[in-house]
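> Modelling step: build the complete structure from the supplied sequences, incorporating the hints.
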Amino acid sequence: MSEALKIDRRVRRLPPGRVAIIAGAAIMAIVAAAAILAPLVAPHDPYAQSMLARFRPMSAEYWLGTDQFGRDTFSRILYGLQITLWTAFASTALAMLCGTSIGILSGYYGGRVDRWLSAANDLLMSFPQMVAGIIIVALLGPGITNLIIAIAITAFPAFYRMARSAALALRERDYIDACRVLGYSDMRIISRHLLPETLDDIIIVATLWLATAVRTESSLAFIGLGAPPPAATLGGLVREGFDNLLDYPGLAIWPSLAILVVMIGLNLMGDGLRDANDPRVSA
Amino acid sequence: MLRFAGQRLLTLIPTLLAVLTLAFVLVRIVPGDPALIILGDQATPEAIARFHERTGLDQPIWHQYFAFLAQLAQGDLGVSMISNRPVLSAVLEVLPYTLELSLAGVFVGVVLGVPLGVVAARSNGGPLDWIVRIFTLGGLSFPAFVSAVLMLLVFSVWLGWFPVISSGKPLTDPWGRFMSLALPALNLGLVMMAYVARVTRGGMMNVLRSDYIRTARAKGVPARRIVWKHALRNVLLAVVTFTGLYFSVLIGNSVLTEIVFNRPGLGKLVIGALERRDYALLQGLVVAYAVLVVLVNALTDLCYRFVDPRVKA
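Going line by line, the protein sequences match chains A and B. If you read the first sequence in the numbering used here, its first letter stands for residue 849, the second for the next number, and so on. If you read the second sequence in the numbering used here, its first letter stands for residue 6, the second for the next number, and so on.
Residues on chain B that point at chain A, a partial pick, calculated with CB under 10 Å:
#1 Leu27
#2 Val162
#3 Leu271
#4 Val275
Calculated from the structure, these hints are not laboratory results. We treat Cβ as the ideally placed atom computed from N, Cα and C, and that holds for glycine.
In structure tokens form, the structure reads like this:
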């Protein structure tokens, strides 16, 4: 058999989405539990400084060692997870809420407002997301709320665009016309018919954007634009470790791994959901 | 082709104008008077007035806006609020480093990503596909600063293969310049590679199902030739489009990469401008980034047309 034929024969054997969703959800469940239960699980106070315990190596007392102020790295990572996850969820939820509702309304009603909104959205999209995030946070000032707003602004276009195009496609369908003939109000058509149709796509985009939000949050914290000190953030911890990289590389490695675990968990879930929902992929 | 390029350049004007307006507004909605931030709370009213006069902040806002546009039209990005140095020369001084890094990153990403995607598509569901899948998942999961810090630690600090600080080497020292570029470019490229591999794989799977591929097979063209010659040419279109779209992510990652590897560049300049609250410099940098992204988008369209003769205006 020629190799080109083999390409056709080997139609997917493994259910592509299932494994990834389960693995990703399991990782995220553990991470979320660790973050929520941080006050109970953390062996030390993440903010307690001790000049006697500076730069301790890994030990039974300090599982991952201590930083330049004698603070326990493991406890700080757990509390950092709290901030990272909360910021990511809150900003994605905010962007999802605003982006989806404005996008659906914009696509459903069309007209001049829709054209202007789309143009503004394209503009926002064309700007480097990271640079926009940096500048918005810098302009709004430090603080977790401002961070959430900044990340939500950078995530808004993705939701807007998706919801708008879905509404544009759906509003021409016969059953929507039928709804209009029946005299249903626009609000009812949108909330009972358009929204449920787009929900699957919105959830997939949201899961993938959670990963992006984690990336943005930790990157901003690394630059020094995250939650202000003494709050422990994963990106901030990597930064502190980076400043002592030559002597105490562990301080940068452990929080880096924590970020990676979160990112892998979210990406697995997002990928899996997308594959499971894509008719071309499922066998 | 030339006519198309000209038309495309004309459509840039409204976009650019919008972006420039955004840059102008963005820098002016900052709460607080920049004079107070830069001169300090103890500044005398006279000093503040002098600062306002020097920076044009005493003019009405629409006046400032048109002055800003008029200056831009003459290629003048204004002067830094702190050093009084022309912003344009500050930007031009570091721009080559950022461009060099971005282009090298794109090169690494495409050169590694495309073959990886092709291999995955050919193995479709087989072991190689899964290996590439897991590999790219790793690539997608690395924030650029995490990979940068870890690569710096392993390759520069522990193995000593590359310099720890990639500060600007002159072109007269090509080897030094290459070595200081290698690791940062690899950092940008590896993250991009994961995306390129996925785009290539997806495109390849679609193309391999198309009629002209079946015809080629029926004619007895060897599988290797079908994949790498007939199919890949079509897949590259998707890669070009993706690279254009990805450029703005790449620029964001280059900011982080420049910080970790201590390279001069636009990113380092942005961070410096933020730390010193130099809003004039910041505004100039926003303009520089915007122009860069808009130009790359236009360039992508041109490339697209060049690669695919079917695309008409």
